[in-house]
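Peer 1: Read off the chains here:
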Amino acid sequence: MGPLNNSSPLTTHVLNTGDGLPAVRMAISLHRLDPQMTLWNLITVGSTNEDGRCPGLITSDAFTPGTYKMRFETGQYWESLEQGSFYPYVEIVFTITDADQKFHLPLLLSRYSYSTYRGS
Amino acid sequence: MNRLQLIKDHILSRERNMAMPATQPSPLTTHVLNIAKGVPGANMTISLYRLDPVSSVWNELTTRLTNDDGRCLCLITKETFIAGVYKMHFETEKYWNALGEISFYPFVEVVFTVTDASQKYHVPLLLSRFSYSTYRGS
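Respectively, the protein sequence lines represent chains A and B. This note's numbering puts the first residue of the first sequence at 17, with every later residue one more than the last. This note's numbering puts the first residue of the second sequence at 561, with every later residue one more than the last.
Read the hints as simulated data drawn from the structure, not as lab findings. Treat the hints with care, since some could be wrong.
Straight-line distance between alpha carbons at most 27 Å, and here's what the computed DSS-like set of lysine-lysine pairs gives [said to hold, decoys possible]:
| id | chain 1 | residue 1 | chain 2 | residue 2 |
| --- | --- | --- | --- | --- |
| 1 | A | Lys85 | B | Lys654 |
| 2 | A | Lys118 | A | Lys85 |
| 3 | B | Lys638 | A | Lys118 |
| 4 | B | Lys638 | B | Lys680 |
| 5 | A | Lys85 | B | Lys647 |
Using the sequences and the accompanying hints, generate a full structural model.
Peer 2: Right under this line is the structure:
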């Protein structure tokens, strides 16, 4: 694995708790709030790998304090499995005050529930 | 009128009132629980929005405060509750700040699809400073 993939200070892990498997090939996007414009600036677009992870979300240099949003295209994911879902997408908005720390934001997901937490 | 007649009239009147309640319960409900402290999430501001399918704009339907039990009565009426995409916005940071604590999440938004508006939908939020979960309940 290249050094870039290992160095993202922000990571995620999407788990399909309905099936007990990682959620593979789910589209994810990371956004940062521009405080002046009250707009969301898109930073990264990616999709989860076979382990439900998305390496290389952001570089240490780009990771500055602020308000971020991770958007998970959960509706598309369930559609690709030919299943319906209660949530068309999931957005998690969080505040980074100390960008020297690492932040792990998993998403545990089923068709009718989800949870998230700050992990490690 | 004798006492028996008075009592009968009272019971019949109550039955009539039960059959035709003055306010129907909201078909959409929520319940906020502070799982860090094991208490209901009281006095949290919640806003409900519906997505306009044509303009893709979120229209605000109501803003309410949770009560001492962490619930919000009268979120929406049966008549206003139609199929569509809804968003519940929970002012979680303001809630934690009022308790003298910081929060990882400035707010929580749960976006969900109502396909059959004749059903009841319960969308709770279980919350701590560094985690939250939601599910379709009953």
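Peer 1: Give a verdict on every hint.
Peer 2: Results of checking the hints against the structure:
Proposed proximity of lysine 85 of chain A and lysine 654 of chain B is supported: the alpha carbons are some 18 Å apart, at most 27 Å. The hinted pair formed by lysine 118 of chain A and lysine 85 of chain A meets the criterion: a straight-line CA distance of about 16 Å does not exceed 27 Å. The hinted pair formed by lysine 638 of chain B and lysine 118 of chain A fails the criterion: a straight-line CA distance of about 46 Å is larger than 27 Å. As the CA atoms of lysine 638 of chain B and lysine 680 of chain B are separated by approximately 10 Å, the hinted pair is consistent with the 27 Å bound.
As the CA atoms of lysine 85 of chain A and lysine 647 of chain B are separated by approximately 16 Å, the hinted pair is consistent with the 27 Å bound.
The earlier numbered hint that this structure contradicts is number 3, and it is the only one.
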